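Enquirer: Here is what each chain is made of, one letter per residue.
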Amino acid sequence: MVVRPTIVGISDPADLQRALIDAQYLADDALSTSAYLSLALGKPLLLEGAPGVGKTEAAKALGGVLGRNVIRLQCFEGIDAAAALYEWNYPRQMLAIRQAGDSYINLYGEEYLLERPLLEVLRNPSGTLLLIDEIDRADHEFEAFLLEFLSDFTISIPETGTVRAVQAPVVVLTSNRTRDLHEALRRRCVYHWIDYPDAALEARIVMTRATTVAEATARAVVASVGHLRMEPLAKPPGVAETVEWAEAATLLNSQGVRWPEAFKRSIGVALKDHDDLTYMADRLAAVLPGEAA
Amino acid sequence: MSHPRALDPFLRFAQALRGAGFPVSPDQTADFIASVGLLGPRDMTDIHRAGRALFAIPPERMAEYDALFRAVFLDQVIQAPADGDEDDEVEAFELTAESLVIEAADDESEVGAEATAEERLSQRPLRENREETLKRLLRDASALLPRRRSYRRKFAKSGDRIDMRRSLRDAAKREGELMRLFQTQRKTRQRRVLLLIDVSGSMKDRSEALLQLAHIVVQAADSAEVFTLGTRLTRITQALRPSDSGQALARAGQAIADIDGGTRIGDALSAFLSVPRYAGFARGASVVVLSDGLERGEPGAMIEAVRKLSRIAWRIDWLSPLAEDPDYQPITAGLAGVLPVLDHLGDGASTAAVTDHILTMARRT
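Protein sequence lines correspond, in order, to chains A and B.
So for the first sequence, the numbering used here puts the first residue at 34; every next one is plus one.
So for the second sequence, the numbering used here puts the first residue at 347; every next one is plus one.
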């Protein structure tokens, strides 16, 4: 295990937290501690949390702070090697055979290889950050493969040989926890559970992301989103919804819609499920932000 | 092997976590100690956070983690009872091996009671019958359970997509002359089977037999989940994992605290849907509800929950012991309300009927 206490000038969690804030991501102490540890220990960072708490944003901000390209692998049920690792460019190979005639050609050369996210990262481990998004959506088979990938950082291509990373790349995994990840995968990572931010932090996030929104509006929206999250909804609003709701209501208000009405009309930005809307219909008035000018 | 005295509490902490059932590997312990070193540590919070991150503590077990942390690092003896509870649980778990004998005896008398009550047949043939049925389930389940298409592909004589890689390799052997196009087709994977078993008082006669059946399903299926519904929701999939049925049923019996109690199916199903991880089990799954649908509470919650469930599941079938009669019509408001969203309402009166349904549901759509 290689421990590197200082990475691009960041030597403790507080440094990283400041850098993330500069990159427009408001991280709390616990998140910056976990992220710092993952960088220092060279282990992948596993972020779990409800949809919309800003897991992917955190990874992107981390990429920005480290000055690395974020390469995203979106997982889905049935993801396979051709989507995650590499694929041969068959039409080009075919053409090459036809054009070569009697002369020798190497069909499995560099120019016929199409890189997919995992291979791309292996080839440039110091300039990229690998974001494996929503790993819980992938099959168990893919998870088992990732387990191998994350410990060796090698990909073997039958036709050419093994590609090995010269150093361990920075990897962030996110999961919505629709299913439990394999214990071995969790063990290999530094883990952090991202919760909904508290009201003060969420108001700051709204202010940072949506510059048009007045502070009073931000606070009011955050308070009522807090109420909504206590209700047994199918899709509780995430942080992104809070920001969009505040923006949408502000826009309507600037066009002359009065305050409580502006929130009510833009509710579709925060609640995106018909059942949830009908469930809340009667009590919406009580939960909605009141005057916020 | 000796180590610096200062490491003692950290190693003790890792052991305490392991004792409480957290899966902690030696690697993780080493990384945890390295992390604490990296962070300073400036105060206890640093150690607490490092442990949480490196031991991958899921949010629902934070309270346990906190208690252990306080016990090891802050010497809070007051917290010891919480720690003790954990130990008790482990002891209780061992006790099941002894209670297993009693459990098994109970089991047989249950079978007998059911035989006289329901079938009015002599005891022996029925019991053999059930064993036969369960054997059939165990044997046929892997072939007959519903399957979905996977994105993975395999070689096929007449598939639906050209295997470019293989065809090209073949053509390269003949100076690029394509003689044959190889084809692939999708692999299939078994759909998850989700059994929701009513264990309330009104299902008393059936509970034991249904748990036995659930045990076989968990054994035979590639992917299955079992929950019991009563006054609360209990996940018993893990308890049913051991292949020995006596041991598995004893563990399940211990997990279900509300057996033969009241019925609040609506609340239990809402609880199921409100945990994202559980709701995820239902996604694309074949859901089988084994219940008489006699809801004590308001039927509204139950109807709503089943409706939601039907939207995420592949199919949802309701097997009721009352539906043994082919002319059965649901009369309770709850069951009548969910009828439109059910794919099938059928007979759940005997193990054989339930088994037949489970083995044929792949062909029903």
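No wet-lab data here; the hints were simulated from the structure.
In this text, all values refer to a predicted model and were calculated from it rather than measured experimentally.
The beta carbon of each residue, even a glycine, is placed where N, CA and C say it ideally should be.
Hints may be right or wrong, so weigh each one.
One side of the interface only, derived from the structure: several residues of chain A facing chain B at Cβ under 8 Å [what the hints assert, rightly or not]: (1) R125; (2) Q126; (3) F178; (4) H215; (5) E216; (6) P269; (7) G271; (8) K297.
Enquirer: Among all the numbered hints in the text so far, which are the ones the structure does not match?
Expert: Violated hints (numbers, rising): 1, 3, 4, 6, 7, 8; every other hint is consistent with the structure.
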